[in-house]
Amino acid sequence: MINLFLEEVERVAKIFKELIRRKHVRVYAQYDADGITSASIIAKVLIRENCNFELRVFKQLNSKTVKDVSFSENDFLIFLDMGSGQINLLKDAIEKTNVLIIDHHEPIKYEHHNLLHINPLLFGEDPEKYSTSLLSFIFAKFVNPRNIDQIDLAIVGAIGDRREEGIRVGAISNIIEEAKALNFINVIKDLKFFGSNRPLFKVIAYSFDPLIPSIYGNEAAALQFLQDLGIKLKNGEEWRTLKDLTKEEKAMIADGIIREKSGIVDFSEIFGEVFILSKKPEFLADSREFSVLINACSRMGEYELGIRLCLGDYSVYSKSVEKMEEYKKQIAKSMSFIENGRIVEKENGIFIIGGKEIPDSLVGTITSMVLSSRRPNKPVFGLAYDNVTDMIKVSARKRSIDNINLRDILVNVASELGGEAGGHKDAAGAYIPVGREHEFIEKVNKLIGEMNAKK
1 MINLFLEEVE
11 RVAKIFKELI
21 RRKHVRVYAQ
31 YDADGITSAS
41 IIAKVLIREN
51 CNFELRVFKQ
61 LNSKTVKDVS
71 FSENDFLIFL
81 DMGSGQINLL
91 KDAIEKTNVL
101 IIDHHEPIKY
111 EHHNLLHINP
121 LLFGEDPEKY
131 STSLLSFIFA
141 KFVNPRNIDQ
151 IDLAIVGAIG
161 DRREEGIRVG
171 AISNIIEEAK
181 ALNFINVIKD
191 LKFFGSNRPL
201 FKVIAYSFDP
211 LIPSIYGNEA
221 AALQFLQDLG
231 IKLKNGEEWR
241 TLKDLTKEEK
251 AMIADGIIRE
261 KSGIVDFSEI
271 FGEVFILSKK
281 PEFLADSREF
291 SVLINACSRM
301 GEYELGIRLC
311 LGDYSVYSKS
321 VEKMEEYKKQ
331 IAKSMSFIEN
341 GRIVEKENGI
351 FIIGGKEIPD
361 SLVGTITSMV
371 LSSRRPNKPV
381 FGLAYDNVTD
391 MIKVSARKRS
401 IDNINLRDIL
411 VNVASELGGE
421 AGGHKDAAGA
431 YIPVGREHEF
441 IEKVNKLIGE
451 MNAKK
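For the sequence shown, position 433 matches number 433 in my numbering, and the numbering has no gaps at all.
Treat the hints as calculated values from the structure; they're not laboratory data. There's no promise every hint is true.
[Stated by the list, open to error] Straight-line distance between alpha carbons at most 30 Å, and here's what the computed DSSO-like set of lysine-lysine pairs gives:
no.	residue 1	residue 2
1	232	356
2	109	64
3	67	23
4	202	189
5	243	346
6	189	323
7	279	243
8	64	323
9	67	96
10	243	232
11	234	192
12	180	64
13	202	250
14	323	356
Model, not experiment: these values are computed from the prediction.
With the hints as extra help, turn the sequences into a complete structure.
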(Lines of atoms letter the chains of each structure in order from A and count residues from 1; the text may use other names and numbers.)
(Lines give C-alpha, C1' and ligand atoms only; values in the text may rest on other atoms or scores of the structure.)
Protein backbone atom coordinates (compact mmCIF):
# COMPACT_ATOMS: atom_id res chain seq x y z
CA MET A 1 0.00 0.00 0.00
CA ILE A 2 2.96 2.30 0.54
CA ASN A 3 3.40 2.88 -3.20
CA LEU A 4 -0.27 3.84 -3.58
CA PHE A 5 0.10 6.24 -0.65
CA LEU A 6 3.18 7.91 -2.12
CA GLU A 7 1.47 8.18 -5.50
CA GLU A 8 -1.39 10.02 -3.79
CA VAL A 9 1.01 12.39 -2.02
CA GLU A 10 2.68 13.15 -5.35
CA ARG A 11 -0.70 13.77 -6.98
CA VAL A 12 -1.73 16.14 -4.18
CA ALA A 13 1.60 18.00 -4.42
CA LYS A 14 0.94 18.76 -8.10
CA ILE A 15 -2.54 20.10 -7.35
CA PHE A 16 -1.12 22.11 -4.42
CA LYS A 17 1.37 23.87 -6.72
CA GLU A 18 -1.46 24.90 -9.02
CA LEU A 19 -3.79 26.07 -6.23
CA ILE A 20 -1.25 28.28 -4.45
CA ARG A 21 -0.80 30.25 -7.68
CA ARG A 22 -4.40 31.46 -7.72
CA LYS A 23 -5.76 31.26 -4.18
CA HIS A 24 -5.09 32.90 -0.83
CA VAL A 25 -3.46 30.34 1.46
CA ARG A 26 -4.49 29.97 5.10
CA VAL A 27 -2.56 27.45 7.21
CA TYR A 28 -3.92 26.08 10.50
CA ALA A 29 -1.69 23.91 12.68
CA GLN A 30 -1.88 22.09 15.99
CA TYR A 31 0.31 23.63 18.69
CA ASP A 32 2.54 20.76 19.80
CA ALA A 33 6.04 20.03 18.47
CA ASP A 34 4.67 17.89 15.64
CA GLY A 35 2.22 20.60 14.56
CA ILE A 36 4.73 23.44 14.86
CA THR A 37 7.44 21.65 12.87
CA SER A 38 4.84 20.67 10.24
CA ALA A 39 3.71 24.30 9.99
CA SER A 40 7.32 25.41 9.62
CA ILE A 41 8.01 22.87 6.86
CA ILE A 42 4.93 23.97 4.91
CA ALA A 43 5.75 27.64 5.56
CA LYS A 44 9.22 27.11 4.08
CA VAL A 45 7.65 25.38 1.06
CA LEU A 46 5.29 28.31 0.51
CA ILE A 47 8.08 30.86 0.92
CA ARG A 48 10.18 29.06 -1.67
CA GLU A 49 7.21 29.01 -4.03
CA ASN A 50 6.91 32.81 -3.57
CA CYS A 51 3.46 32.39 -2.05
CA ASN A 52 1.94 34.74 0.50
CA PHE A 53 0.06 33.00 3.31
CA GLU A 54 -1.44 33.34 6.78
CA LEU A 55 -0.60 30.95 9.61
CA ARG A 56 -2.61 30.30 12.77
CA VAL A 57 -2.00 27.80 15.54
CA PHE A 58 -4.75 26.10 17.55
CA LYS A 59 -4.57 24.03 20.72
CA GLN A 60 -7.28 21.83 19.24
CA LEU A 61 -9.71 21.87 16.35
CA ASN A 62 -13.18 21.35 17.81
CA SER A 63 -16.72 22.64 17.51
CA LYS A 64 -15.77 25.88 19.29
CA THR A 65 -12.39 26.68 17.76
CA VAL A 66 -13.55 25.83 14.23
CA LYS A 67 -15.54 29.07 14.38
CA ASP A 68 -12.17 30.86 14.16
CA VAL A 69 -11.41 29.26 10.79
CA SER A 70 -11.95 31.96 8.17
CA PHE A 71 -12.65 31.01 4.58
CA SER A 72 -14.15 32.07 1.28
CA GLU A 73 -14.17 30.46 -2.14
CA ASN A 74 -10.96 32.36 -2.90
CA ASP A 75 -9.08 30.67 -0.03
CA PHE A 76 -7.01 27.49 0.06
CA LEU A 77 -7.15 26.05 3.59
CA ILE A 78 -4.38 23.79 4.92
CA PHE A 79 -4.79 21.87 8.19
CA LEU A 80 -1.74 20.26 9.79
CA ASP A 81 -1.77 17.61 12.53
CA MET A 82 -5.54 18.03 12.81
CA GLY A 83 -8.56 17.83 10.57
CA SER A 84 -8.75 14.13 9.75
CA GLY A 85 -10.93 13.42 12.76
CA GLN A 86 -12.85 16.69 12.46
CA ILE A 87 -13.96 16.53 8.82
CA ASN A 88 -17.55 16.70 10.06
CA LEU A 89 -16.71 20.19 11.35
CA LEU A 90 -15.05 21.23 8.09
CA LYS A 91 -17.74 20.19 5.62
CA ASP A 92 -18.97 23.76 5.14
CA ALA A 93 -15.45 24.85 4.20
CA ILE A 94 -14.84 21.79 2.00
CA GLU A 95 -18.05 22.38 0.07
CA LYS A 96 -17.12 26.01 -0.54
CA THR A 97 -13.39 25.94 -1.26
CA ASN A 98 -10.25 23.82 -1.52
CA VAL A 99 -8.97 22.13 1.64
CA LEU A 100 -5.74 20.18 2.24
CA ILE A 101 -5.41 18.04 5.36
CA ILE A 102 -2.07 16.48 6.35
CA ASP A 103 -2.64 14.41 9.46
CA HIS A 104 -1.95 11.03 11.06
CA HIS A 105 -4.90 10.83 13.45
CA GLU A 106 -7.83 8.48 12.93
CA PRO A 107 -9.71 9.88 9.92
CA ILE A 108 -13.37 10.28 9.15
CA LYS A 109 -13.77 8.83 5.66
CA TYR A 110 -15.22 11.48 3.38
CA GLU A 111 -14.67 12.26 -0.28
CA HIS A 112 -15.23 15.56 -2.06
CA HIS A 113 -13.60 17.05 -5.12
CA ASN A 114 -12.41 20.02 -3.01
CA LEU A 115 -10.75 17.82 -0.36
CA LEU A 116 -7.09 16.80 -0.59
CA HIS A 117 -6.40 14.39 2.26
CA ILE A 118 -2.96 13.02 3.13
CA ASN A 119 -3.30 10.43 5.89
CA PRO A 120 -1.54 7.03 5.89
CA LEU A 121 -4.48 5.36 7.61
CA LEU A 122 -6.56 5.89 4.48
CA PHE A 123 -4.14 3.50 2.76
CA GLY A 124 -3.90 0.91 5.51
CA GLU A 125 -0.54 2.17 6.74
CA ASP A 126 0.51 1.87 10.39
CA PRO A 127 -0.10 5.29 12.04
CA GLU A 128 2.63 4.56 14.60
CA LYS A 129 5.20 4.96 11.82
CA TYR A 130 4.19 8.51 10.95
CA SER A 131 4.09 11.93 12.51
CA THR A 132 2.53 14.84 10.65
CA SER A 133 6.00 16.36 10.38
CA LEU A 134 7.24 13.27 8.52
CA LEU A 135 4.19 13.41 6.24
CA SER A 136 4.69 17.14 5.65
CA PHE A 137 8.31 16.48 4.75
CA ILE A 138 7.43 13.70 2.27
CA PHE A 139 4.89 16.08 0.74
CA ALA A 140 7.40 18.97 0.66
CA LYS A 141 9.94 16.83 -1.16
CA PHE A 142 7.37 16.04 -3.86
CA VAL A 143 6.66 19.77 -4.25
CA ASN A 144 10.36 20.45 -4.76
CA PRO A 145 13.30 18.05 -4.20
CA ARG A 146 15.35 20.89 -2.69
CA ASN A 147 13.05 20.66 0.37
CA ILE A 148 15.09 17.68 1.53
CA ASP A 149 16.80 20.21 3.79
CA GLN A 150 13.63 20.17 5.92
CA ILE A 151 14.46 16.63 7.07
CA ASP A 152 15.79 17.97 10.36
CA LEU A 153 12.45 19.56 11.28
CA ALA A 154 10.65 16.36 10.28
CA ILE A 155 12.82 14.43 12.73
CA VAL A 156 12.30 16.98 15.51
CA GLY A 157 8.52 16.72 15.09
CA ALA A 158 8.57 12.93 15.01
CA ILE A 159 10.59 12.77 18.21
CA GLY A 160 8.28 15.28 19.87
CA ASP A 161 5.32 13.09 18.92
CA ARG A 162 7.04 9.87 20.02
CA ARG A 163 7.14 8.56 16.47
CA GLU A 164 10.85 7.77 16.33
CA GLU A 165 10.09 4.38 14.79
CA GLY A 166 8.76 6.25 11.76
CA ILE A 167 12.20 7.75 11.18
CA ARG A 168 13.76 4.31 10.78
CA VAL A 169 11.09 2.52 8.73
CA GLY A 170 8.42 3.20 6.14
CA ALA A 171 8.41 5.85 3.46
CA ILE A 172 11.10 8.01 5.02
CA SER A 173 13.74 5.44 5.98
CA ASN A 174 15.61 5.65 2.66
CA ILE A 175 15.62 9.45 2.86
CA ILE A 176 17.48 9.24 6.17
CA GLU A 177 20.46 7.66 4.41
CA GLU A 178 20.35 10.43 1.80
CA ALA A 179 20.19 13.05 4.56
CA LYS A 180 23.21 11.49 6.26
CA ALA A 181 25.15 11.55 3.00
CA LEU A 182 24.30 15.23 2.54
CA ASN A 183 25.37 15.91 6.15
CA PHE A 184 21.96 17.11 7.33
CA ILE A 185 21.91 14.66 10.22
CA ASN A 186 24.25 12.45 12.23
CA VAL A 187 23.03 9.48 14.26
CA ILE A 188 24.91 8.52 17.44
CA LYS A 189 24.36 6.17 20.37
CA ASP A 190 23.97 8.12 23.60
CA LEU A 191 21.89 8.74 26.70
CA LYS A 192 18.40 9.88 25.73
CA PHE A 193 18.49 13.05 27.80
CA PHE A 194 18.23 16.56 26.45
CA GLY A 195 20.30 19.53 27.51
CA SER A 196 23.81 18.54 26.48
CA ASN A 197 25.22 21.93 27.53
CA ARG A 198 23.40 22.16 30.87
CA PRO A 199 24.84 21.08 34.24
CA LEU A 200 24.45 17.32 34.52
CA PHE A 201 22.53 17.42 37.81
CA LYS A 202 19.94 19.79 36.29
CA VAL A 203 19.51 17.48 33.30
CA ILE A 204 18.82 14.57 35.66
CA ALA A 205 16.53 16.63 37.91
CA TYR A 206 14.25 17.83 35.12
CA SER A 207 14.24 14.84 32.80
CA PHE A 208 10.75 13.57 32.02
CA ASP A 209 11.75 11.22 29.21
CA PRO A 210 13.22 9.16 30.79
CA LEU A 211 11.42 10.15 33.98
CA ILE A 212 12.90 9.41 37.41
CA PRO A 213 9.89 9.96 39.76
CA SER A 214 11.92 10.02 42.97
CA ILE A 215 14.15 12.79 41.60
CA TYR A 216 12.02 14.90 39.24
CA GLY A 217 12.10 18.59 40.11
CA ASN A 218 14.52 18.05 43.03
CA GLU A 219 18.03 19.26 42.23
CA ALA A 220 19.40 18.15 45.61
CA ALA A 221 18.11 14.62 44.96
CA ALA A 222 19.73 14.67 41.52
CA LEU A 223 23.07 15.70 43.03
CA GLN A 224 22.81 12.92 45.60
CA PHE A 225 21.92 10.38 42.89
CA LEU A 226 25.05 11.27 40.91
CA GLN A 227 27.27 11.30 44.00
CA ASP A 228 25.99 7.86 45.04
CA LEU A 229 26.98 6.57 41.60
CA GLY A 230 30.46 8.02 42.01
CA ILE A 231 30.02 10.48 39.15
CA LYS A 232 32.35 13.47 39.32
CA LEU A 233 30.17 16.62 39.43
CA LYS A 234 32.65 19.36 38.49
CA ASN A 235 35.68 20.05 36.34
CA GLY A 236 37.42 22.63 38.49
CA GLU A 237 34.81 25.30 39.17
CA GLU A 238 32.58 24.31 36.24
CA TRP A 239 29.65 21.94 36.53
CA ARG A 240 30.06 18.92 34.26
CA THR A 241 27.60 18.41 31.42
CA LEU A 242 26.37 15.41 29.43
CA LYS A 243 29.09 16.08 26.87
CA ASP A 244 31.77 15.67 29.56
CA LEU A 245 30.76 12.11 30.48
CA THR A 246 32.81 9.08 29.52
CA LYS A 247 31.15 5.97 28.06
CA GLU A 248 31.64 4.22 31.39
CA GLU A 249 29.94 7.06 33.28
CA LYS A 250 27.00 7.04 30.87
CA ALA A 251 26.57 3.30 31.45
CA MET A 252 26.71 3.89 35.22
CA ILE A 253 23.94 6.51 34.97
CA ALA A 254 21.78 4.23 32.83
CA ASP A 255 22.19 1.36 35.31
CA GLY A 256 21.49 3.74 38.20
CA ILE A 257 18.21 4.90 36.63
CA ILE A 258 17.10 1.30 36.10
CA ARG A 259 17.78 0.55 39.78
CA GLU A 260 16.08 3.78 40.87
CA LYS A 261 12.96 2.78 38.91
CA SER A 262 13.05 -0.73 40.41
CA GLY A 263 13.76 -2.26 37.03
CA ILE A 264 10.47 -1.10 35.45
CA VAL A 265 12.21 0.53 32.51
CA ASP A 266 14.01 -0.84 29.47
CA PHE A 267 17.64 0.06 28.82
CA SER A 268 16.58 1.17 25.32
CA GLU A 269 14.38 3.87 26.88
CA ILE A 270 17.47 5.42 28.46
CA PHE A 271 20.23 4.74 25.94
CA GLY A 272 19.88 4.53 22.16
CA GLU A 273 19.91 6.46 18.90
CA VAL A 274 20.15 10.24 19.16
CA PHE A 275 19.69 12.35 16.03
CA ILE A 276 22.10 15.28 15.74
CA LEU A 277 21.08 18.07 13.35
CA SER A 278 24.36 18.86 11.63
CA LYS A 279 23.18 22.05 9.89
CA LYS A 280 21.71 23.66 13.01
CA PRO A 281 23.69 25.78 15.48
CA GLU A 282 25.11 23.80 18.39
CA PHE A 283 22.41 24.93 20.82
CA LEU A 284 19.71 23.35 18.59
CA ALA A 285 21.69 20.40 17.25
CA ASP A 286 20.18 17.86 19.65
CA SER A 287 16.85 16.94 18.03
CA ARG A 288 15.36 15.80 21.34
CA GLU A 289 16.20 19.08 23.06
CA PHE A 290 14.89 21.07 20.08
CA SER A 291 11.54 19.23 20.22
CA VAL A 292 11.15 19.87 23.95
CA LEU A 293 12.00 23.54 23.43
CA ILE A 294 9.29 23.91 20.77
CA ASN A 295 6.78 22.05 22.88
CA ALA A 296 7.57 24.12 25.97
CA CYS A 297 7.10 27.41 24.11
CA SER A 298 3.69 26.31 22.84
CA ARG A 299 2.55 24.94 26.20
CA MET A 300 3.51 28.24 27.81
CA GLY A 301 1.48 30.19 25.23
CA GLU A 302 4.35 31.33 22.98
CA TYR A 303 4.03 29.06 19.95
CA GLU A 304 5.45 31.72 17.61
CA LEU A 305 8.85 31.31 19.30
CA GLY A 306 8.99 27.71 18.12
CA ILE A 307 8.05 28.65 14.58
CA ARG A 308 10.67 31.38 14.46
CA LEU A 309 13.35 28.97 15.69
CA CYS A 310 12.31 26.41 13.08
CA LEU A 311 12.55 29.04 10.35
CA GLY A 312 16.03 30.09 11.46
CA ASP A 313 15.35 33.17 13.59
CA TYR A 314 17.72 32.37 16.46
CA SER A 315 17.32 35.79 18.07
CA VAL A 316 14.43 34.30 20.09
CA TYR A 317 16.50 31.42 21.50
CA SER A 318 17.13 33.04 24.89
CA LYS A 319 13.44 33.79 25.37
CA SER A 320 12.52 30.25 24.34
CA VAL A 321 14.91 28.86 26.96
CA GLU A 322 13.18 31.02 29.57
CA LYS A 323 9.86 29.48 28.51
CA MET A 324 11.34 26.01 28.85
CA GLU A 325 12.45 26.77 32.40
CA GLU A 326 8.93 27.99 33.21
CA TYR A 327 7.55 24.83 31.62
CA LYS A 328 9.72 22.56 33.78
CA LYS A 329 8.77 24.40 36.95
CA GLN A 330 5.08 24.22 36.08
CA ILE A 331 5.38 20.49 35.46
CA ALA A 332 7.12 19.99 38.81
CA LYS A 333 4.37 22.01 40.51
CA SER A 334 1.65 19.98 38.78
CA MET A 335 3.29 16.67 39.66
CA SER A 336 3.54 17.74 43.29
CA PHE A 337 -0.14 18.76 43.23
CA ILE A 338 -1.45 15.44 41.95
CA GLU A 339 0.57 13.47 44.49
CA ASN A 340 -1.63 14.96 47.20
CA GLY A 341 -4.76 12.91 46.64
CA ARG A 342 -5.60 14.04 43.11
CA ILE A 343 -5.31 10.60 41.53
CA VAL A 344 -8.31 8.28 41.54
CA GLU A 345 -7.48 4.66 40.76
CA LYS A 346 -10.29 2.48 39.52
CA GLU A 347 -10.27 -1.18 38.55
CA ASN A 348 -9.78 -0.37 34.87
CA GLY A 349 -8.14 3.04 34.78
CA ILE A 350 -6.16 5.72 36.60
CA PHE A 351 -7.73 9.20 36.61
CA ILE A 352 -5.90 12.46 37.35
CA ILE A 353 -8.27 15.16 38.64
CA GLY A 354 -6.47 18.33 37.63
CA GLY A 355 -9.33 20.82 37.88
CA LYS A 356 -8.02 24.36 37.48
CA GLU A 357 -4.73 23.55 39.22
CA ILE A 358 -3.15 21.76 36.26
CA PRO A 359 -3.07 23.91 33.09
CA ASP A 360 -5.00 22.25 30.27
CA SER A 361 -1.92 22.74 28.07
CA LEU A 362 0.08 20.47 30.40
CA VAL A 363 -2.46 17.75 31.19
CA GLY A 364 -1.22 15.56 28.32
CA THR A 365 2.38 15.83 29.53
CA ILE A 366 1.36 15.07 33.13
CA THR A 367 -0.71 12.08 31.99
CA SER A 368 2.28 10.70 30.07
CA MET A 369 4.53 11.21 33.09
CA VAL A 370 2.16 9.34 35.40
CA LEU A 371 2.03 6.52 32.85
CA SER A 372 5.83 6.49 32.65
CA SER A 373 6.37 6.52 36.41
CA ARG A 374 3.75 3.93 37.34
CA ARG A 375 3.82 1.79 34.18
CA PRO A 376 0.36 0.40 34.97
CA ASN A 377 -1.40 -2.34 33.00
CA LYS A 378 -4.35 0.00 32.53
CA PRO A 379 -4.83 3.40 30.87
CA VAL A 380 -4.24 6.78 32.50
CA PHE A 381 -6.68 9.67 31.99
CA GLY A 382 -5.89 13.29 32.86
CA LEU A 383 -8.69 15.83 33.33
CA ALA A 384 -8.20 19.61 33.51
CA TYR A 385 -10.31 22.72 32.97
CA ASP A 386 -9.88 24.58 29.67
CA ASN A 387 -10.94 28.21 30.01
CA VAL A 388 -10.99 28.78 26.23
CA THR A 389 -13.74 26.23 25.59
CA ASP A 390 -15.16 26.31 29.15
CA MET A 391 -14.98 22.52 29.13
CA ILE A 392 -12.94 19.77 30.74
CA LYS A 393 -10.05 18.63 28.60
CA VAL A 394 -9.23 14.92 28.79
CA SER A 395 -5.93 13.35 27.79
CA ALA A 396 -5.65 9.56 27.69
CA ARG A 397 -2.50 7.43 27.42
CA LYS A 398 -1.75 3.73 27.68
CA ARG A 399 0.98 1.19 27.25
CA SER A 400 0.60 -1.86 25.01
CA ILE A 401 -2.87 -3.14 25.88
CA ASP A 402 -4.04 -4.57 22.58
CA ASN A 403 -7.75 -4.89 23.29
CA ILE A 404 -8.22 -1.23 24.29
CA ASN A 405 -8.56 1.61 21.77
CA LEU A 406 -8.46 4.92 23.64
CA ARG A 407 -9.84 6.91 20.73
CA ASP A 408 -12.89 4.65 20.47
CA ILE A 409 -13.45 4.80 24.23
CA LEU A 410 -13.29 8.60 24.36
CA VAL A 411 -15.44 9.08 21.26
CA ASN A 412 -18.07 6.77 22.76
CA VAL A 413 -18.15 8.30 26.25
CA ALA A 414 -17.64 11.94 25.23
CA SER A 415 -20.54 11.78 22.76
CA GLU A 416 -22.80 10.40 25.50
CA LEU A 417 -21.88 13.34 27.72
CA GLY A 418 -22.25 16.03 25.05
CA GLY A 419 -18.56 16.34 24.24
CA GLU A 420 -16.22 15.35 21.42
CA ALA A 421 -13.03 13.32 21.04
CA GLY A 422 -10.32 12.11 18.69
CA GLY A 423 -6.78 10.78 18.53
CA HIS A 424 -5.06 7.42 18.33
CA LYS A 425 -5.39 3.95 19.81
CA ASP A 426 -2.68 4.58 22.42
CA ALA A 427 -3.07 8.34 22.91
CA ALA A 428 -6.31 10.27 22.58
CA GLY A 429 -8.08 13.39 23.80
CA ALA A 430 -11.56 14.68 24.47
CA TYR A 431 -13.59 17.61 25.74
CA ILE A 432 -16.52 17.02 28.08
CA PRO A 433 -18.88 19.47 29.82
CA VAL A 434 -17.84 20.86 33.20
CA GLY A 435 -19.46 19.00 36.08
CA ARG A 436 -19.62 15.64 34.34
CA GLU A 437 -16.20 14.38 35.39
CA HIS A 438 -17.58 11.76 37.81
CA GLU A 439 -19.90 10.39 35.11
CA PHE A 440 -16.99 10.27 32.71
CA ILE A 441 -14.85 8.27 35.12
CA GLU A 442 -17.61 5.76 35.86
CA LYS A 443 -18.54 5.30 32.19
CA VAL A 444 -14.93 4.85 31.08
CA ASN A 445 -14.19 2.41 33.88
CA LYS A 446 -17.28 0.38 33.00
CA LEU A 447 -16.56 0.39 29.25
CA ILE A 448 -12.98 -0.80 29.70
CA GLY A 449 -14.24 -3.50 32.06
CA GLU A 450 -16.60 -4.72 29.35
CA MET A 451 -13.73 -4.75 26.84
CA ASN A 452 -11.53 -6.72 29.23
CA ALA A 453 -14.31 -9.26 29.78
CA LYS A 454 -14.35 -9.97 26.03
CA LYS A 455 -10.61 -10.74 25.84
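Are the Cα positions of residue 67 and residue 23 separated by 30 Å at most?
-> 21 Å, holds
Given the hint that residue 189 pairs with residue 323, does the C-alpha gap stay at or below 30 Å?
-> 29 Å, holds
Within 30 Å, alpha carbon to alpha carbon, are residue 232 and residue 356?
-> 42 Å, violated
Proposed proximity, residue 356 with residue 323 (alpha carbon, max 30 Å) = Holds. Residue 323 to residue 356 sits at ~21 Å (cutoff 30 Å).
Has the given pair, residue 64 with residue 323, been kept, meaning a C-alpha gap of at most 30 Å?
-> 27 Å, holds
Would you check the hint for residue 67 and residue 96, treating anything up to 30 Å between C-alpha atoms as holding?
-> 15 Å, holds
Pair hint outcome, residue 279 versus residue 243 [Cα-Cα no greater than 30 Å] = 19 Å, holds
Holds or violated: residue 202 with residue 189, Cα cutoff 30 Å?
-> Given pair residue 202, residue 189 holds - Cα atoms ~21 Å apart, limit 30 Å.
Would you check the hint for residue 180 and residue 64, treating anything up to 30 Å between C-alpha atoms as holding?
-> Violated, at about 44 Å.
Taking only the CA atoms, is the gap from residue 243 to residue 346 under or equal to 30 Å?
-> 44 Å, violated
30 Å Cα cutoff - pair residue 234, residue 192 | Holds - the C-alpha atoms of residue 192 and residue 234 are around 21 Å apart, at most 30 Å.
Pair hint residue 202 and residue 250, alpha-carbon separation not exceeding 30 Å = 16 Å, holds
In this structure, the hints that do not hold are numbers 1, 5 and 12, in rising order.
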